[in-house]
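Trainee: Sequence lines, in order, name chains A and B.
With the working numbering applied, the first sequence closes on residue 886, and no number is skipped along the way.
With the working numbering applied, the second sequence closes on residue 1275, and no number is skipped along the way.
Derived from the structure by calculation, the hints contain no laboratory data.
Treat the hints with care, as some may be off.
To be verified - Covered by chain A, according to a simulated footprint, are these stretches of chain B (three or more residues, beta-carbon under 8 angstroms):
#1 960-971
#2 1033-1042
#3 1230-1239
What the hints assert, rightly or not - List time: in silico DSS-like cross-link candidates among lysine-lysine, alpha-carbon distance up to 30 angstroms:
#4 A:Lys219 with B:Lys1004
#5 A:Lys189 with A:Lys199
#6 B:Lys1035 with B:Lys967
#7 A:Lys698 with B:Lys1003
#8 A:Lys805 with A:Lys850
#9 A:Lys184 with A:Lys718
#10 A:Lys718 with B:Lys967
#11 A:Lys123 with A:Lys860
#12 A:Lys60 with A:Lys95
#13 A:Lys698 with B:Lys1035
#14 B:Lys1035 with A:Lys219
#15 B:Lys901 with B:Lys1003
#16 A:Lys123 with A:Lys57
#17 A:Lys718 with B:Lys1035
#18 B:Lys1180 with A:Lys718
#19 A:Lys698 with B:Lys1004
#20 A:Lys637 with A:Lys654
#21 A:Lys238 with B:Lys1035
#22 A:Lys51 with A:Lys92
#23 B:Lys1186 with A:Lys718
#24 B:Lys1003 with A:Lys219
#25 A:Lys199 with A:Lys184
#26 A:Lys184 with B:Lys1186
#27 A:Lys219 with B:Lys967
#28 B:Lys967 with A:Lys698
#29 B:Lys1003 with B:Lys1035
#30 A:Lys199 with B:Lys1186
Claimed, not checked - Take a look, some chain B residues computed to stay more than 12 angstroms from chain A by CB distance:
#31 Asp931
#32 Lys1004
#33 Asn1007
#34 Gly1085
#35 Thr1104
Glycine included, each C-beta is placed from N, C-alpha and C at the ideal position.
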Amino acid sequence: MRITRISVRDFRGVDTLDVELNPSGVTIIEGRNGIGKTSLADAFMLLLDYKDSSSSKPIKDVQPIGRDVAPFVEAHLTIGPYRLVYRKQWVKGRKTELEIIEPRHEQLVGDAAHNRMLEILEKESDADLFRALRYQQGVAISQAAVGQAPSLIAALDAAAGGTGTAGGARQDALFERVEQERLKYFTEKGALPVGRKNKAAQLEELLGEVAAFGDRIRKLEDAAERQRRIESELLDLKAQVPEIAGQINDSTKTVEAIEEVERRVERTRHEHERAGSELREAVTARDARVQLVGVAASAAEMLATLEADIASAAPGLEAAKAAVADAVQTRDAARAALALAEQEAGKRRRVVELLDLRRERDQFRERHERVIAAEATIEAAEQFLARCALDDALLREIDQVADTLAVARGRAAAGKPRFVLEALQPVHVVVNGEDRTAEPGVPLEEIVTGEVEVIIGDVARVSVLRPESTSDAEDDLARAEKRLAELLNTARVTSQSEAHDVVRERSLQETERDNARQRREEALFDLDLPQLAAKLGRAEERLAALAEEAAGELAGDELLEEARVRAQEAEATVRDARSVEADRQTALAAAESALRVLEDRGIEQQTRLGGARLEAERSAHELEEQRGVNSDDALEKSVELVTKRVASAAEARKAAESELASGDPETARAMLENAQKLQERVLADIRAREIESAETRKHLELEGHEGLSDRLAEARAKVEDLQRDLGSENARAAAVERLHAILCAKREQAHQAYIGPFREKVNAYARILYGPQVDIEIDPLSFEVVTGTLNGSPVPFASLSGGEKEQLAVLARLACGALVSPSPGDGAPRGVPVIIDDALGYSDPDRLEKLGAAFGVAGKDCQVIVLTCEPGRYRGVGGATVVSLG
Amino acid sequence: MTATRLTSVLSLMVKFIHTADWHLGMQAHFLPDEARARFAQDRFDAVRRIAELAHEEGCAFVVVSGDVFDSNHVDRQVVAKAVDALSSFSVPTFLLPGNHDPLDPSSVYRTAAWGEKKPPNVVVLEEAVAISVPGAEGVEVIGGPWNSKHQLGDPVAQCYEAVPSADGAHRVVIGHGIVDELSPDRDDPSLIRAEGMRGAIKEGKAAYIALGDRHSATEILGTDGRARYSGTPVSTDYGETDPNEVLVVELDGGASVVGRRTVGTWAFVRQSFDLNGEQDVRVLEEWLDAVPSKHTTVVKLALRGALSLAASAMLEDVLEHNRMTFASLNTWERQSDLVVAPDDADLAGLDVSGYVRETLDELRAEAVGSGGQAVVAREALSLLYRLAR
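Just chain B, same shape as in the assembly (with noise of 0.2 angstroms):
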């Protein structure tokens, strides 16, 4: 049997795209209105551009790993508007329910609204059954979906042993979950088991291993670039390493070359700086201003150090002005330190006698120090600076 496949390889040549984690209908609740409904509507566009990619790099067909949906409790526009988006694919899309969307009885796929609309040439996985794929002679797909949120045991592994569609056929598996080298909790009992994938490929079992579920453009060590996570196309959080990407995968005798094709543009950025006076608040202005894309970046900032209040009144101004360009702006409050107390050219600077300066001296003493009567005492000094200049 394996000897079999193996010869058949040598005459294979098939392109196709893997992507996964499209999370359509996922809310961006951390983004203002207006970014928000971009940020919702750039999913679905992003499928069409797989669709336009597919098309471009002649690709035979496409695999998406799974998370289709961000709930299997999407809205009914949600799925109105995947199926269109759908419908601009002109190869067969293979489709894997994922922990976000499984084949449970409340999936999202079991509805009328998706049964009824789903373009011919969109396939939901809904079993581990390797299936031709019409127009790729040679070349199998077979998925393990995930039947419920809870899934127990490797979705991936009975796809290595199911019975082939055809003889000789090339098997592209795809799988949805984590990797359990990837994970830090090695209890869960959905892992999939790399070396079970490296045995599978080595095997010639599996001839590429699309996984999805990690939303990083990750290559599974060992596998010889045949087992991948695509990421997903339009990023969702920050600390996703290579996001708004799709693989294009040629099957080519035994080995895969992957082409990454940008697909998505949000960016997630987190940005520490140390801010200890204008200078570096004019640091932070020029880092903010060499930001490109603006309006689908959503930047983090982690503030730390001490500024006086001309400083944090500026600081104020550069990130009021940079809030109306981002999609969103916002200090990563967990890991900010940034202590705003006047210093003498701010009191130098105000125009007070009497007992407003008798004031401004007692809030600078209780200024001092880390308790929250100190921040209180600073944030009322900030005030008064602002009141009084």
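Next comes chain A alone, as it looks inside the complex (with noise of 0.2 angstroms):
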């Protein structure tokens, strides 16, 4: 198909618009936007596909708005070997028109020439292909959809050699075919459908019924059987019981004859067994009888021998009994002498005691009394020493300025006057105070150096006096005299001969004290004073005490060491004495001991005897009465009489048992209890068959005519129509999946033949883009392109930038316009114009340059109708027709 002119009129903004067009190679259509460009690809589009009539919503949408006009479009084609004019007109006015030019000249309107063109288009076009070969900017970059184009298949099968290995539209509308008839079997993923499946689970089901119902009909029929032969078994047993009641019969009688020859046998036995019984009795009187006779002899003799026991051990009782007296007697005598011997010893201790406390208190009271003597010493000492000035250093002092002194007063002397007295008779005088006697022959000098004041008893008073005239002499006699004086105050004496006395007398009394003390702490030893007195006070009151206790015992002026002594010989004498008791306690305790032997003896005899008596009474006492009742004689001829009558029992029960015997009792009773639970048990059987059996009866009743049967017969019947059914759906599908296989393989490897030249023309038109490395790699059965490799590598389609992926999509619709077009000189146009309605927005200069060059090719073998609102983008086709519009 070729599109020469295309002319619309009142189509959406467009007034008119009238475009010839180059039928073999590139028209380029320039134009602003809006300008009608996309309109007269629409408008071609709208003009094939709708009648006149059509009020559809394309149609609708192209009718210009607010304008009462209606939209018009007109398109001269070459289709085959058809030349044409072909225009409609809707909305209003509406009309088709369809003027054949060549090869032959028609003219139609209305609905023929719409469906004369169709058939025209339908013989010699590819109204699909040419809609795929569109490519609309603004609808998303797409890849031409070309996989079913009956064109290019046809195309790309001559040109893969023209074998028809293609097959082409009517192959692939039975394929399809064969894919819907698969869907009938299987599944998209040959998978078994619903419908299949549930046939096969019905089939399932249908089997379970027939086995359910075989099963209950076998039951029945078991049932029936058992029935059947539950009614035979109950015929025979119910035969059975009269017979068996003539057997219970005649072994009743048989058995009830036994049974009195079993009643005799009783009898006899019975009585053989009371003679035997009363034998034994007999027997056993007699032996008692003797038995008691002998018993009271020994009792008797029991008796006697024990009282002479008795009697033989009384003279052994009463020794025993005085030998215990006497050892108490005796052992009371140790005890006196034991008791008297103690208090002799007490006394004894007292004694010695009291000798003793009493030295204690002696010594007490001495160390006491030296010990006051002592300390009145003392304090005697220490008032003197505490009165006593002197000491010997100043003794010393006094006795160094004495002599210093007498030095002075030798000085002084010598230059002094010195007052003389002789004493005419003993005369008492003081001399400046100092008593002195004066002796005749004896006179006192006295060296004056002041006033000298002499007193004469009571006769006269010399003063002698010295004028105040010093010398140095007289200064130090002075300085002496009154040094000394000093010092002799001092020491509270008048002399230095008293000092020297004073000093004498203090030494004595020292030593006196400390002797004194010396004797004291000797009393004392290791007390103090109250200690002492404290013991001294107490050995008295204890002294006191004992005095008063043991008056009378002393022995006036008895010493302590004699009481010692005697004390200790009355120890001795206790411990002799006590001793001497514990012998006699000894021996008493043996003589008791050797009386209780005895006495138990004694007792237990008595005992004895008592119980030899009681038995000897009784036993004698029983004999007595039992020979009352039967003589001893009497129970003999009783034992022998008896005898004879057991002789005789048991030969009549002899004769019983062995008539028994001969009768064999067991096995006529077991004969009859044989018979007697046959009975039971046949009784039995009848009652357990009859329950049997009316349960059966009831089953048999209640599952025989549900109609099992024809429902086993229905079930079947469906099983087999489904088998039949699945059987032959199941070969069906293994046909249609067979067929579909080699189907599939076979179109497999057809594509994959045809796909070569596609291949080929598009990496042809590639290479001009972009360099001889380039490779296209396409779908088989889409003629998409899958991959391409333009920098070295295969990229996936979707993954190429937006540019190259508009490229390939131009370049795929541009070799599918090339190869369903004939090549040139081949005749009629055949192929379909490729329209490229403003497209490569996304591609660069260089690259639109290339892809300008390819148009040019293309435009070689089919016819491309390139629209665009740019024309520099289009600058590099070669050899286009440019129409500008506007």
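Using the supplied hints, reconstruct the complex from the two chains, each of which is provided in its own coordinate frame.
Mentor: And the structure:
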């Protein structure tokens, strides 16, 4: 198909537009946006697709808004051998006109024109391919959906050698039918569809039903068979009943006869046993009598023996009692002696104690006195010493001063008057206050250093006055005297000699004190005075108490040592007495023990004697009583009589038992019992079978007429139907699966074969754009670009850049267009135009230029119509016809 | 005794119907639903037809030699319909329990549905005791019923020796089972001894022995036509000879004159065809066209030969068409061996090219031979042919 001219009027925003196109090559239609470029392409599509009577949305959409006009389209076309003009007007003044100019002139209008046009298109062109090859910008970049286009397939088929392997539309339609057929038996993925699965499940269910019905019928038949058997058995059993009754009757009679004999056996046995029992009694009575006689005799004997024993034991007992009495006496005497000795020893001990205590008290008292005396001495000495102002140092100083004074006096005296008094008779004088006695022949001389006052008795007072003239000697003397006076005063003595006396006395007093202290310490020893006093006090108290206690025991002037010796002697006496007492006690215990032995034996013998006496009396009494009833002879006779009766009873019993044994009672009873049990069992069997029979009958009644056989037959019929159905379905499924498998494989092979030329064409155009290394991979079924190897490595179409995608989408369309158009010189054009509407907006100038070359190459083989609002974009397309709109 | 009988025979002239194997309640599961219902109903209708016949022919009584019911376990409705159909009999009618409906504890004859509704002139022969036939003086009937599905011993033998109901009565013995001379299984304990029958007839212990079980009307050899199977009054299966009939028996002196009367309409037909081209298919089509009473005819076809796809398609059309008219029309799979393979003409008629053509060629190669793969391939070819035509 070639479009040579398109005219539109009142189409969307376009009033009128009329474009001439280059039928073989590239036509570039330029114009600003809205001028109607796309409307041209759309108008051509509507012209082909919609009847003039159509009021569908696409038609309504092209009606200019607000204008009372009718959209009109006219196209001049070459299709195959046809050259024609086709025009339509919609909405108002609807019309369709087809004017065929070549090969034969035809003029058609209305639906006839529309239908004729469709016929021509169907036969000579490929409308689907035409739609697929239109590329519209603004609609997402898409690859041409040319996979099923018959003209492309045919062209490729021809290109692949024209073997027809590609098949074409008819083949693909068949393939489609096969696929549809397959979907009746399989899902898309080859699984069993629900319907077939259900059938299989249904078959299973039906088979189950058949089995169940079969089972029920089998059970029913078994029950019927069982019932039949039971009924037959019941008849047999009931027939047995009278026969068994006869057996029971016969056996009963036999057993009754035997029972009569048995009763006789029982009677004789009883008699025999009774006689035997009587014999045993008689023998027992006689034996008891013999025994009783023996018992009485031995009891009497025992009594006598015991009495003799007791009598012989009496003297021994008395002797033992006497021995005990003696022993007691002896022991008591020893005890008295011991008491006396202990009393004496006590006295002796108290005397010793008293004496001991007294001596202790005396010692304490003496020590106490000594201490008191020493303390008095110490007290006196201490008093003296406390009063005494002189000590050895002071004395030495006095002596020194006295010496100095004596010297001074000498010197003073040498120059000084002296006073000399010579007593004619002893007279008492006081010289300067000092009492003196003047003896005849002993002058009292006194150096006069100062005033001297001498009182002679009560006779005269002589004063010697000295002038106030002093020399050194006198001064020294005066000083010495003064000093001496001071010292003496200090020492509270009047003279040097007195001082010496005092010092001597002092020394004596100190010695006396120290000695007294020594004595006191010795007397105190380890105690202090209060302790000593306390001890003394206590000793006194104890002594006083003891003295009261032991008054009279103390023999006058007895000494302690003597008392001790006596006390020891008394203790020894006590020990001796105690030993004797213990011996006597032991002897007593032995005697008592011997007595007890004899006494115990006596008691025992007495007890035995009592028992023996009772026994002897009792047995004698019993024997007497027994003999009162039966004499010994009578008993003996009774034994003899009964022995004879036993013998005759045994004989009768043996005869009866022998008769019973010959009657075989066990067998007779066993037969009767057996017959009775048989009867019971048969009756029980009858009952059981009757119950079973009733139950089975009920089961048969309930289950038997549910039409089980009908239902089984019905279920079987369904199974067979379904199996047949499934069998045939499976066969059909296998067939369609096989057909489908082979078809798919062959189709794939075919596609692989004829995809070659298309691939080659696409790659040829791609090389113009991307250079010699390019490799474009095409899907054999969809004819879409799968991968593009533009720069060394294959990239999936979806991952290519926008520009590359767009370029490849356009190139693939050009390749399609070129392939379906016959090669030049082939005669009538059969291919379809490729319409590129404002594409390549993503492509850079270099690629655009190369693309222009590709357009040029493609334009040699097919009609290419390019719509663009950017004239510069397709500048590179050489040899293109350019139509500028507006 | 024998002399007395033979004497009285001379003056006897009695007519009765001998039938058997009604199989009431039988389910023809091999039939489509519609035909199946008719098949079931037609058995009851046949019973009524027999009653009419008895009346028309002036029969004194009717004997049914076993298998009155298809099973002891039929639905209550079957029993009810049977009782209803039997009520149309105006003469004494004797029913013998057979192997399908033995007189066991589950017997249909022991059910309340039967016992309470059974018409008074219908007698079930429960034991081998001679019964005088009311209204037919000098004739007694005696039957050896099946008491279980597993009959042990000749069920008829006891009938010959049973005490007669009256002096000189002519005994019609009714039995059910396979006669030993006709049985492939000679060890079956329930077989009826042919020799015994011949002896009984010869000795005058039986005037006629009415047999049931075999669905084909059959005369026992050497019995002068006095021991017979009546066949089933409504055909039940393939291979039955002269079914759909009852016997009208006349005891007239020493001989029985038997007339056959058609009762049933159902036919079971198995037919073989060699099909090796469209011409053969046409022969088959003509044969089918010629079958009368198609709606009560069950056909099983054994098809052999080799057909082209076109001929096979034609065959399918023929069968499909006839299935609508026949009670049942099926192929007899076990006996069929029909190879369908495309011939050149088939393929020439197909407008296929490219990969479809290649597919066709491959399938043709696979279709050669008789293996499973070849069968699938032939089916696939047929399918392709159908889809591409």
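Trainee: The structure should be examined with respect to each hint, and the outcome stated for every one.
Mentor: Verification of the supplied hints:
Using a Cβ-Cβ cut-off of 8 angstroms, 6 residues of the stretch 960-971 of chain B lie near chain A, which meets the minimum of three, so the contact claim holds. Proximity of the stretch 1033-1042 of chain B to chain A, defined as three or more residues with a beta carbon under 8 angstroms from a beta carbon of that chain, is established by the 4 residues found. Figure legend: the stretch 1230-1239 of chain B, annotated as covered by chain A; annotation consistent (3 residues with Cβ-Cβ distances under 8 angstroms, at least 3 required). Simply put, lysine 219 (chain A) and lysine 1004 (chain B) have alpha-carbon atoms about 27 angstroms apart, close enough for the 30 angstroms limit, and the pair holds.
A C-alpha spacing of about 19 angstroms is found between lysine 189 (chain A) and lysine 199 (chain A), which places the hinted pair at or below 30 angstroms, so the restraint holds. Between lysine 1035 (chain B) and lysine 967 (chain B), the direct Cα distance comes to roughly 24 angstroms. Compliance with the 30 angstroms bound is thereby established for this hinted pair. As the CA atoms of lysine 698 (chain A) and lysine 1003 (chain B) are separated by approximately 20 angstroms, the hinted pair is consistent with the 30 angstroms bound. A C-alpha spacing of about 15 angstroms is found between lysine 805 (chain A) and lysine 850 (chain A), which places the hinted pair at or below 30 angstroms, so the restraint holds.
With a CA separation close to 22 angstroms, the supplied pair lysine 184 (chain A) and lysine 718 (chain A) stays within the 30 angstroms bound. Distance restraint check for lysine 718 (chain A) and lysine 967 (chain B): the Cα-Cα separation of roughly 25 angstroms lies within the 30 angstroms cut-off, and the hinted pair is therefore satisfied. Proximity of lysine 123 (chain A) to lysine 860 (chain A) is assessed by CA-CA distance (about 24 angstroms); at most 30 angstroms being required, the pair is judged to hold. For the proposed pair lysine 60 (chain A) and lysine 95 (chain A), the alpha carbon gap of about 16 angstroms is at most 30 angstroms, so the pair holds.
Annotation: proposed proximity of lysine 698 (chain A) to lysine 1035 (chain B) holds, straight-line Cα distance about 20 angstroms (limit 30 angstroms). This hinted pair checks out: lysine 1035 (chain B) and lysine 219 (chain A) have alpha carbons roughly 13 angstroms apart, not beyond 30 angstroms. Among the hinted pairs, lysine 901 (chain B) with lysine 1003 (chain B) is consistent with the structure: their alpha-carbon atoms are about 27 angstroms apart, no more than 30 angstroms. For the given pair, lysine 123 (chain A) sits about 28 angstroms from lysine 57 (chain A) by alpha-carbon distance, which is consistent with the 30 angstroms threshold.
The hinted pair formed by lysine 718 (chain A) and lysine 1035 (chain B) meets the criterion: a straight-line CA distance of about 27 angstroms does not exceed 30 angstroms. Straight-line distance between C-alpha atoms of lysine 1180 (chain B) and lysine 718 (chain A) comes to about 23 angstroms, which keeps the hinted pair within the 30 angstroms bound. A hinted pair counts as satisfied when its Cα atoms are at most 30 angstroms apart, and lysine 698 (chain A) with lysine 1004 (chain B) qualifies at roughly 21 angstroms. Of the pairs offered as hints, the one joining lysine 637 (chain A) and lysine 654 (chain A) holds, with about 27 angstroms between alpha carbons and a cut-off of 30 angstroms not exceeded.
For the proposed pair lysine 238 (chain A) and lysine 1035 (chain B), the alpha carbon gap of about 26 angstroms is at most 30 angstroms, so the pair holds. Our distance criterion of 30 angstroms between C-alpha atoms is met by lysine 51 (chain A) and lysine 92 (chain A), whose separation comes to about 13 angstroms. Proposed proximity of lysine 1186 (chain B) and lysine 718 (chain A) is supported: the alpha carbons are some 18 angstroms apart, at most 30 angstroms. Note on lysine 1003 (chain B) and lysine 219 (chain A): the hinted pairing holds, with a Cα-Cα distance of about 28 angstroms set against a maximum of 30 angstroms.
A threshold of 30 angstroms between alpha carbons decides the hint, and for lysine 199 (chain A) with lysine 184 (chain A) the separation of about 14 angstroms falls inside it, so the pair holds. Restraint check: the Cα-Cα separation between lysine 184 (chain A) and lysine 1186 (chain B) comes to about 29 angstroms, which is no more than 30 angstroms; the hinted pair holds. Restraint check for lysine 219 (chain A) and lysine 967 (chain B): the C-alpha separation of about 26 angstroms stays at or below 30 angstroms, so the hint holds. Proximity of lysine 967 (chain B) to lysine 698 (chain A) is assessed by CA-CA distance (about 23 angstroms); at most 30 angstroms being required, the pair is judged to hold.
Between the alpha carbons of lysine 1003 (chain B) and lysine 1035 (chain B) the distance comes to roughly 25 angstroms, so the proposed pair stays at or under 30 angstroms and holds. Taking the CA atoms of lysine 199 (chain A) and lysine 1186 (chain B), the gap is about 25 angstroms. The hint holds against a cut of 30 angstroms. At roughly 18 angstroms, the least C-beta separation between aspartate 931 (chain B) and chain A is larger than 12 angstroms, which holds for a residue marked as non-interface. Under the 12 angstroms C-beta cut-off, the non-interface status given to lysine 1004 (chain B) relative to chain A holds; the minimum distance is some 15 angstroms.
Look at asparagine 1007 (chain B): its CB is around 24 angstroms from the nearest CB on chain A, clear of 12 angstroms, so calling it non-interface holds up. Consistency note on glycine 1085 (chain B): stated as away from chain A, and its beta-carbon is indeed over 12 angstroms from all of that chain's, at 29 angstroms minimum. Its beta-carbon lying about 26 angstroms from the closest one in chain A, threonine 1104 (chain B) satisfies the requirement of being farther than 12 angstroms from that chain.
Hint check: no violations occur; every hint is consistent with the structure.
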